[in-house]
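Sequence lines, in order, name chains W and R. Under this note's numbering, the first residue of the first sequence carries the number 1, and numbering increases by one thereafter. Under this note's numbering, the first residue of the second sequence carries the number 251, and numbering increases by one thereafter.
Heads up, a few of these hints could be off.
Selected chain W positions facing chain R (in silico; Cβ < 7 Å) [stated by the list, open to error]: (1) Tyr19; (2) Val20; (3) Leu21; (4) Val22; (5) Phe85; (6) Met170.
Everything labelled a hint here was simulated from the structure, so no lab data went into it. C-beta atoms are modelled at their ideal positions from N, C-alpha and C, and glycine is treated no differently.
Read off the chains here:
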Amino acid sequence: MNRTTTAFSIGIKEQARNYVLVALLVVLPVSFITLAFAVTQDVEMPVRTLVDGETATVMRGMPEVHGVIMTPITSALIAGLAGLFLMREAKDTDGRLAVAGYRAWQVIAARFGVLAAITLIVTGVSVGVMLVDFQPEYLWWFVAAMLVVSVTYGLIGMLVGAVFNRLAGMWLMLILPMLDIGLFQDPLFIQSEPDWWMKLFPGYWPVRVMVDTGLTTDVDTALSLVWATGYLLLVAVLAIGVYYRATQAS
Amino acid sequence: MPTVEAIPIELGRLLGAIFGVAIIAGLMGLAQMISARAADRRLVQTGYPPRTLLATRLAALGGVTVVVAAVNYGVLWLTISPEAPVLTFVFLVLAGLVYAFLGALVGALLPRLFEGSLVVVFLAMMDAFLSGDSPLAADIPEFVEYFPLYHPKELLQEAMFQGTYTTGDLGFVAGYLLVLLVLVTVVFGVTMRTSGGWSA
């Protein structure tokens, strides 16, 4: 077993031994998303999305629209907090791994691997729970957008963890996905062209894809997924750079 | 099938204010209990009565909650003129106190910031959604009226739009606070126990 695998497996074991966290990663999406579907009014509402390449307003059931929004919020919130706390732990301990002979890329690969694993679990559970009540028109496009937004938020959590302490970071990582996905990108609240600054948020491109591929019968947002992936790569480069500096400094 | 155009804006703002106070106060309560845990145990070992320590923690939490409620009230006041401004503010503080005590209880039971914050945040989100009379929701189960924000929201809504309040709602919130206070005291006492139970 090489050093990266060792550090990765220790990181996973550390998280897996935390039974409360494991339980929460499963129980929270189950209760939250299921509840959202169970109590949302069965009425139709206007949704602004792309249809045949043109922006149009279509009528869709509110439970479906609500599900399309609640699923990424749940996943982004948990992934963001996981990224934040991983970075805070890393700042405390990973400098010591460097002293013990680890190369920077080995520690980075291990930590980011742990974050990726947590994000995969949370995304999988969230989408799985959603599927009980709602089947997106294009499941794999939907899942791809979910993964992109969750990983992006996980990495943003790491960036925030490098700059702010636990409490301030926690505020930020709670407020950011709620405002971004739950308000600025939510078709229920924003029913006209979003302001330019709303498009700068990490949820803009992925949620466009989710609304389109979840609620319409054509895929019109392939380019949006490319932009979302570009956003993710940018955040990843920043997170790696900041992580490198943070662990070097400790 | 019936349709809905948008959430009534004033109700949305009211829900935003009560949710904002609840979640911030809840997380403050959580963080307060966790960050002070180690120091409090040492203070107990040197002879401080746990009840005195807890009282100071909760008093600080109460002060912070009033500030948080004031900020939220200020933001709300910019867009809505409440019929009974003082009552509205007081009920916002009450909503914050309920969640501050709830956060403190979670912090005492689950002294880890990540896990505790997940519990408080998701509880507050579900609570605000279910208790909030949101046009999004229907078929709300009856047990929702035992949720922490249900009665504070009823009080706030009535004070804001009609300038009155219902004594039953106020009594329920007072009872809720009392039960939470007892629970926090018991759990805090257990977690601070050194060798011989309560010192002094």
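Hint-by-hint comparison with the structure:
| no. | hint | verdict |
| --- | --- | --- |
| 1 | Tyr19 | 10 Å, violated |
| 2 | Val20 | 5 Å, holds |
| 3 | Leu21 | 5 Å, holds |
| 4 | Val22 | 10 Å, violated |
| 5 | Phe85 | 4 Å, holds |
| 6 | Met170 | 5 Å, holds |
Hints 1 and 4, counting from the list given before, are not met by this structure.
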